[in-house]
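2 protein chains.
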Amino acid sequence: MSLGISYHTTGRAFGVGLAMLLGSVAAPAFAEEPTLSEEAFERSKQLYFEQCAGCHGVLRKGATGKNLEPHWKKTAADGTVTEGGTLKLGQERLEKIIAWGTEGGMNNFSDIMTEEEIRDMATYIMMDPPKPPEMSLEQMKATRKVYVEPEDYPTEPLHGRNWENFFVVIERDVGKVAIIDGDTKEVLTHIPTGYAVHVIKASEHHSISEPEHPGRFWYTMGRDGKMTKIDLWQTPDKMLVSEVKIAYDARDVAVSGDGKYVIGGGYWPPHFAIVDAATMEPLKVVSTRGVNVDGDYVEESRVAAIYTTPHEPTWLVAVKELGQIWQVDYSDLDNLRIDKIDSAKFLHDGFFDPTGRYFQIAANASNKMVVVDTKERKLEAMIDVAALPHPGPGANWNDPNCGPVAGTTHLGVGTVTVWGNDPEGHPDQAWKVCYETETDGPGLFVRTHPNSKYVWADQTKHPEPEVQQSVQVIDKETGEIVKTIQITEDEGSAAVHFEFNADGTEVWVSKWNLSDSKEPNGQIVIFDAETLEEIGRIDGLYAPTGKFNVYNRSNHVT
Amino acid sequence: MSLGISYHTTGRAFGVGLAMLLGSVAAPAFAEEPTLSEEAFERSKQLYFEQCAGCHGVLRKGATGKNLEPHWKKTAADGTVTEGGTLKLGQERLEKIIAWGTEGGMNNFSDIMTEEEIRDMATYIMMDPPKPPEMSLEQMKATRKVYVEPEDYPTEPLHGRNWENFFVVIERDVGKVAIIDGDTKEVLTHIPTGYAVHVIKASEHHSISEPEHPGRFWYTMGRDGKMTKIDLWQTPDKMLVSEVKIAYDARDVAVSGDGKYVIGGGYWPPHFAIVDAATMEPLKVVSTRGVNVDGDYVEESRVAAIYTTPHEPTWLVAVKELGQIWQVDYSDLDNLRIDKIDSAKFLHDGFFDPTGRYFQIAANASNKMVVVDTKERKLEAMIDVAALPHPGPGANWNDPNCGPVAGTTHLGVGTVTVWGNDPEGHPDQAWKVCYETETDGPGLFVRTHPNSKYVWADQTKHPEPEVQQSVQVIDKETGEIVKTIQITEDEGSAAVHFEFNADGTEVWVSKWNLSDSKEPNGQIVIFDAETLEEIGRIDGLYAPTGKFNVYNRSNHVT
Numbered sequence: 001m002s003l004g005i006s007y008h009t010t011g012r013a014f015g016v017g018l019a020m021l022l023g024s025v026a027a028p029a030f031a032e033e034p035t036l037s038e039e040a041f042e043r044s045k046q047l048y049f050e051q052c053a054g055c056h057g058v059l060r061k062g063a064t065g066k067n068l069e070p071h072w073k074k075t076a077a078d079g080t081v082t083e084g085g086t087l088k089l090g091q092e093r094l095e096k097i098i099a100w101g102t103e104g105g106m107n108n109f110s111d112i113m114t115e116e117e118i119r120d121m122a123t124y125i126m127m128d129p130p131k132p133p134e135m136s137l138e139q140m141k142a143t144r145k146v147y148v149e150p151e152d153y154p155t156e157p158l159h160g161r162n163w164e165n166f167f168v169v170i171e172r173d174v175g176k177v178a179i180i181d182g183d184t185k186e187v188l189t190h191i192p193t194g195y196a197v198h199v200i201k202a203s204e205h206h207s208i209s210e211p212e213h214p215g216r217f218w219y220t221m222g223r224d225g226k227m228t229k230i231d232l233w234q235t236p237d238k239m240l241v242s243e244v245k246i247a248y249d250a251r252d253v254a255v256s257g258d259g260k261y262v263i264g265g266g267y268w269p270p271h272f273a274i275v276d277a278a279t280m281e282p283l284k285v286v287s288t289r290g291v292n293v294d295g296d297y298v299e300e301s302r303v304a305a306i307y308t309t310p311h312e313p314t315w316l317v318a319v320k321e322l323g324q325i326w327q328v329d330y331s332d333l334d335n336l337r338i339d340k341i342d343s344a345k346f347l348h349d350g351f352f353d354p355t356g357r358y359f360q361i362a363a364n365a366s367n368k369m370v371v372v373d374t375k376e377r378k379l380e381a382m383i384d385v386a387a388l389p390h391p392g393p394g395a396n397w398n399d400p401n402c403g404p405v406a407g408t409t410h411l412g413v414g415t416v417t418v419w420g421n422d423p424e425g426h427p428d429q430a431w432k433v434c435y436e437t438e439t440d441g442p443g444l445f446v447r448t449h450p451n452s453k454y455v456w457a458d459q460t461k462h463p464e465p466e467v468q469q470s471v472q473v474i475d476k477e478t479g480e481i482v483k484t485i486q487i488t489e490d491e492g493s494a495a496v497h498f499e500f501n502a503d504g505t506e507v508w509v510s511k512w513n514l515s516d517s518k519e520p521n522g523q524i525v526i527f528d529a530e531t532l533e534e535i536g537r538i539d540g541l542y543a544p545t546g547k548f549n550v551y552n553r554s555n556h557v558t
Numbered sequence: 001m002s003l004g005i006s007y008h009t010t011g012r013a014f015g016v017g018l019a020m021l022l023g024s025v026a027a028p029a030f031a032e033e034p035t036l037s038e039e040a041f042e043r044s045k046q047l048y049f050e051q052c053a054g055c056h057g058v059l060r061k062g063a064t065g066k067n068l069e070p071h072w073k074k075t076a077a078d079g080t081v082t083e084g085g086t087l088k089l090g091q092e093r094l095e096k097i098i099a100w101g102t103e104g105g106m107n108n109f110s111d112i113m114t115e116e117e118i119r120d121m122a123t124y125i126m127m128d129p130p131k132p133p134e135m136s137l138e139q140m141k142a143t144r145k146v147y148v149e150p151e152d153y154p155t156e157p158l159h160g161r162n163w164e165n166f167f168v169v170i171e172r173d174v175g176k177v178a179i180i181d182g183d184t185k186e187v188l189t190h191i192p193t194g195y196a197v198h199v200i201k202a203s204e205h206h207s208i209s210e211p212e213h214p215g216r217f218w219y220t221m222g223r224d225g226k227m228t229k230i231d232l233w234q235t236p237d238k239m240l241v242s243e244v245k246i247a248y249d250a251r252d253v254a255v256s257g258d259g260k261y262v263i264g265g266g267y268w269p270p271h272f273a274i275v276d277a278a279t280m281e282p283l284k285v286v287s288t289r290g291v292n293v294d295g296d297y298v299e300e301s302r303v304a305a306i307y308t309t310p311h312e313p314t315w316l317v318a319v320k321e322l323g324q325i326w327q328v329d330y331s332d333l334d335n336l337r338i339d340k341i342d343s344a345k346f347l348h349d350g351f352f353d354p355t356g357r358y359f360q361i362a363a364n365a366s367n368k369m370v371v372v373d374t375k376e377r378k379l380e381a382m383i384d385v386a387a388l389p390h391p392g393p394g395a396n397w398n399d400p401n402c403g404p405v406a407g408t409t410h411l412g413v414g415t416v417t418v419w420g421n422d423p424e425g426h427p428d429q430a431w432k433v434c435y436e437t438e439t440d441g442p443g444l445f446v447r448t449h450p451n452s453k454y455v456w457a458d459q460t461k462h463p464e465p466e467v468q469q470s471v472q473v474i475d476k477e478t479g480e481i482v483k484t485i486q487i488t489e490d491e492g493s494a495a496v497h498f499e500f501n502a503d504g505t506e507v508w509v510s511k512w513n514l515s516d517s518k519e520p521n522g523q524i525v526i527f528d529a530e531t532l533e534e535i536g537r538i539d540g541l542y543a544p545t546g547k548f549n550v551y552n553r554s555n556h557v558t
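Which chain is which? The protein sequence lines are A and B, in order. Each residue of the first sequence is one higher than the last, beginning at 1 in this note's numbering. Each residue of the second sequence is one higher than the last, beginning at 1 in this note's numbering.
It is worth saying that the hints were derived from the structure and are not from the lab. It cannot be assumed that every hint is accurate.
Any copy will do: because identical chains look the same in the list, a pair fits if it lies in one copy or spans two.
[Unchecked claim] List time: in silico SDA-like cross-link candidates among lysine to any residue, alpha-carbon distance up to 25 angstroms: (1) Lys141 / Val293; (2) Lys378 / Leu333; (3) Lys74 / Glu134; (4) Lys378 / Tyr261; (5) Lys284 / Thr80; (6) Lys345 / Leu514; (7) Lys284 / Ser209; (8) Lys73 / Leu137; (9) Lys131 / Met106; (10) Lys476 / Glu92; (11) Lys284 / Leu137; (12) Lys345 / Glu281; (13) Lys378 / Ser331; (14) Lys141 / Leu514; (15) Lys141 / Lys345; (16) Lys61 / Glu134; (17) Lys284 / Ala365; (18) Lys74 / Glu138; (19) Lys61 / Asp128; (20) Lys375 / Ser515; (21) Lys61 / Glu299; (22) Lys88 / Pro133; (23) Lys74 / Tyr195; (24) Lys284 / Ser366; (25) Lys284 / Asn367; (26) Lys345 / Glu299; (27) Lys260 / Val293; (28) Lys260 / Asp342.
Pulled out of the complex, with its shape left as it was, chain A reads as follows:
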């Protein structure tokens, strides 16, 4: 695209001309256009949506993954033009990439897709991407289902259990959430939710105004945009109380500090929706399409993650492709204040510091941890870390040299990076790397508890099963790895994600049965947080991944 702009001039001539204007309409002039039967097209579209869109985007402009448009053209600031596209790569090369993956970090899909599916997918991505429809507030309202009316909610827990030590566990591939009694280790129920729930959030304690019973209500977000509301005071068979669909593709959800509103973030359409937390009635939709930190318009600028700020009446909405964190004030929905905080691309997930004032979030394409000051509603700092930071729920602790610190694992390398996060008490160390600990492999999650001496890191992204199945335990005093624990030797299973119980005496690790994820062959392996010895295993889980302890999550214990 030329930088000389003359779409409209005072005369009748267009400088840039029709070809550019109609770029999205005119078909590329190739001798043989790729085609699929309607059935194969539909099948590929669905498969693309499930397996590819997360990284490459439904419009295929790329984000974590590469651009997969049939033809693209870029002009750099110096005028250099680069061109590419799936049509240039061609059927054979695309099939190989899909089947075997790339050195750039793309998985192989030969295990996941059949040969026919790979062949069709290669063709499909050489065709123009179909644009999914929008979703209006009215359409959302029509999807709401209420299983228990708010006026029929119990006034005290109906099961007589210690619900504040319940664990809410994602069973990703069967579209369910298991509720486990943390005291007795019993699996109480498997609640049907949206497909492939990514994150679950509870009503939380909040310094300005808090909900009636923090931790009682939980909200899930499925990848299919379905939000469900869970009431932990109900008998297990009635815990699912209502649901609503706010997008076709989504990732995250959060509850307002006062417990009045729930916000869900869409991948497509790129927007967030605010719903009434009591009734799940959709109230407001806000588009996140926008102009990124480089000054380019991005149509598919997706909501990667959403968090409730502990001391302000706001949510943090991480708009992935924009490199912006939007601090959204829920105190007046009709006059909605949003502070658009510029940071770096592509925002992923994050966690608060122990004071709850600062939010630390990964910008994975920039290899940075971004720090937001939620009190001032502005960028506080950006910290250079290793390749593809991914902290998950994160970890905060005290370091003998740097004072309060936080750490993250990385998707790209086996490194836990640790930085100071106490600008008041330790200004010299704040937002600077304190140390790095090398682990055996890249991972997804790091976690600790104030009562524990250790920080746990997984290595789920390592290609070798043995490493993938092992987690590593770091001593907070020395920053050294003190133990490596292989939690399973079962083929097709990996170790992933940690959660402590309410008093911090146990560590729960998932044995994630990836290869038969729709079977109840997953486990949670429980360790003594002090001795690091295995205590026991909870069986009968369907590919358990994320685990959320009621007390820890509703009291900001990270």
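Chain A is fixed; fit chain B onto it per the hints.
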């Protein structure tokens, strides 16, 4: 579109299916598809852009005008489906509508377009609308031109004139702005600007922090998105000091209270851009695509108007199709605070109350005046007025019964509606209609001055030349029309827009030579504001429309 949403489900089936998803890609199955030669298509596209897009939108989804897509389908909340489109209307019917206009308020274009142009336009609007390109920050930067570097600006006025009584006058169809000495009535220069300048704004006095010399620098916005900076201290031949293009189609511009930034609002792309007011270097772009007050996503949600708030470090950006006023805080561009104030569709133009706290803006599709409290950054009130309110720069005065009031003309009817606007002193009258004055015809502008006993209203939208050429004068004491003045009898000319001189002793009215607008046959007719007698005429102007007195505009005299 069905309300049952199932774009993505856990299985492989799509409920809504391909037809819906590919709605924007698949061509409608008509026996004979409308076609044009590439040349005719290009010509029609340009003509559509100049003559039609303002009301119907470049994507043709409609706003002030009707939807002009080849085929559209709407499902109401009760499930009722309506369908329509230009293809259904057909070539012949479309040609008639374009040529003769409609009773719904569309002008006839038989005077403006040739028969061939009308024929091609009818065909063009039955074809899929081409989507214009985006415009990045980098592209904007490449369009900047500096004629006088800021360090070479004069340190005092170089012409020895009373520049605070200059008038800056839009000469719309020749893409120029005339500078007139209000004391001597001399036309000093015609400065080349963007095409069809819609509005001009000056650096203004501001209660928090003000620019160095309020009223010295003026910024124009052309319909072609070109912004120019004018320095009134320069000799007339050097007053154009710099320019930059921030959109392909645009309407308004404003200067920050401290004089540091200029903001320009785009129709396409739908966004606003903030530029350095000294150098005109583009700094930031923000998309205004969003979800409207009904909960529907609007791709073409255009910036209708922008204003600087006198007491807050903010601009008000009226996003037409969203029915939202965005109060944009310029005190920290990297952490940009925006308060999105829900009101009504479609926002057009407005003006402040005398205190500068409240902003009164027309929502013309809702027949409302919307009032924003800029201190609280929220909606204050909505006032039901007559059809299609259009106040232009507006008028504020004191009414013997209602206290402080404001008034607006209407595009739809010959009515000036007057409402109370002093919630502190006159809470019972505030934001309620005080009275209505019937005029002879619908108009565009109403205007007064604190030193004047009268309010002036034009009638430019009336079809009869005699009414169109006449303005009416209303007595502030009685609300009655005291005089009707026909300012010209020249065929093809209309009376439009008022401006007082700095001390309020003169009223300037435009004789707008519409029919030969590229010839210098327009005039400004000057009246004694007290006796209402004509004082004189300024000749040699090219279709003068809006006029801006330096003192009045930079001191919020309305």
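**Study point:** Broken hints, by number
**Key:** 6, 10, 14, 20 and 23
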